[in-house]
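For reference, the chains in residue letters:
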Amino acid sequence: MTRMDATAILLLLSESPSGGTAVLLRRAVPPDFVVMGDDTQEGFARLRRGSIAYGVQELYQALPRDMIQGGHTLHVRDDHRRARVDVPGSLFGPAPEKLWVPLDDDGQPYERMRIPLPSLAQPAYVEFAFTGWADDVAEGGANGAFGGVLKYALQGEAQMGDGYICPYCGKLCEQKEPHTAAHGVAGSHHSGIPTPPGSFVVRGV
Amino acid sequence: MSIPRLEARDHRFAMHYRAMEKFATDTGETAGAPIAGGSSGEFTVGGVLMMVPQTGVAPVVVLVEGTAPSSLRLDVFSDPRMFVRVRKGAPAHGLREPYRELTEEYPAESVTPAMIVNLTGFVRARFAYSASVFGAADAAVFLPRDAGGRPHRRVRVPVPSLDRASWHEFELLGDSNAECRYRAVVA
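Just so you know, the protein sequences line up as chains A and B, in that order. Numbering-wise, this note's numbering puts 139 at position 139 of the first sequence, and it's gapless, one number per residue. Numbering-wise, this note's numbering puts 23 at position 23 of the second sequence, and it's gapless, one number per residue.
Don't take every hint at face value.
Each pair of labels, with its calculated beta carbon distance range [said to hold, decoys possible]: (1) B:Gly41 to A:Glu42: 23 to 33 Å; (2) B:Asp163 to A:Asp106: 29 to 39 Å; (3) B:Gln54 to A:Asp39: 19 to 29 Å; (4) B:Thr120 to A:His72: 39 to 49 Å; (5) A:Ser16 to B:Thr55: 19 to 29 Å; (6) A:Ala28 to B:Thr55: 41 to 51 Å.
Some, not all, of what chain A presents toward chain B, calculated at C-beta under 7 Å [what the hints assert, rightly or not]: (7) Ile68; (8) Gly70; (9) Ser90; (10) Pro118; (11) Phe130.
For the record, the hints were derived by calculation from the structure and aren't laboratory data. Glycine included, C-beta positions come from ideal geometry on N, C-alpha and C.
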């Protein structure tokens, strides 16, 4: 079984009030620029620097395509396909018809994919299973526009993964140290705010 | 389609979600830790508005109680800055709502803002776990003052949820004239 653990959700903010396009990323490093790989005259530039904050959408702002001439650029259509998933509005916002998900190295859909949820300290995610191609050409079926539309179904509930989310930069790490020490702040400090001893666990219901 | 509920199913999951969230069915428990200053009010955030500036400055987040306004003017810097909403439709629970700064082609004076953010009605704040909650460790966050003009003692920030709404909860750690600091609620 092939499974893709998405590292980030890239939200491309077009100049038109379309609500944005969501692209799932499977690489560890976010691209500086994103282009759709078609004849559109629009490209997108990342709005912030640094590592990916686990589960938080990465915002990309539109800019003229010809301004993108270097740097790490993701060409979406090369190895992504449009997809329809369950509960898209809750995960990607109110533009579910504009979701692109990665294909594997052989150009095939992943059988499973995990999408990160914003979480503190420990990573949460939801998992989807590939259920086939959309069969209606009007909606971009296998022989329709966009090279076909994938269908994914939600599997169960949100789950917890392994690892540690840095409280300072939001990056998912295998363990707390030495990552937090590299920021120049002690592991017991949250964004520069000292935490009382023994209170590392956040209180809930 | 039956949408699965976002509930604790196993021990690790339960521990995590009890740790990081308070659900809509919250009964209003109070924190044990003493709070420095502030009012006794609790502020449940309805929308997390993310300003996308044209120039490379720290990202600005505005927390609002109600729905997302169509346009917004920031009167918190040396010059007013006008932003307009990017998306259409109702905002999704827990997802940041992006706003684009108007360019020189559309000067700020040409639009009457639906909301004005200034330091009379809003307070600037810094949150723990800012990168995980707002997407940037250096985000400048503005949230409304309470009815008495003071910072809210507790703030609940929405988290993307599959079925039942959930929040991260923060409490006021201290405030000064320049900035309030909030930490995640601890046991």
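Now the hints, each set against the structure:
no. : hint                             : in the structure
1   : B:Gly41 to A:Glu42: 23 to 33 Å   : violated (44 Å)
2   : B:Asp163 to A:Asp106: 29 to 39 Å : holds (35 Å)
3   : B:Gln54 to A:Asp39: 19 to 29 Å   : holds (27 Å)
4   : B:Thr120 to A:His72: 39 to 49 Å  : holds (43 Å)
5   : A:Ser16 to B:Thr55: 19 to 29 Å   : holds (22 Å)
6   : A:Ala28 to B:Thr55: 41 to 51 Å   : violated (29 Å)
7   : Ile68                            : violated (17 Å)
8   : Gly70                            : violated (18 Å)
9   : Ser90                            : holds (6 Å)
10  : Pro118                           : holds (6 Å)
11  : Phe130                           : violated (17 Å)
Hint check: violations occur at hints 1, 6, 7, 8 and 11; the rest are consistent with the structure.
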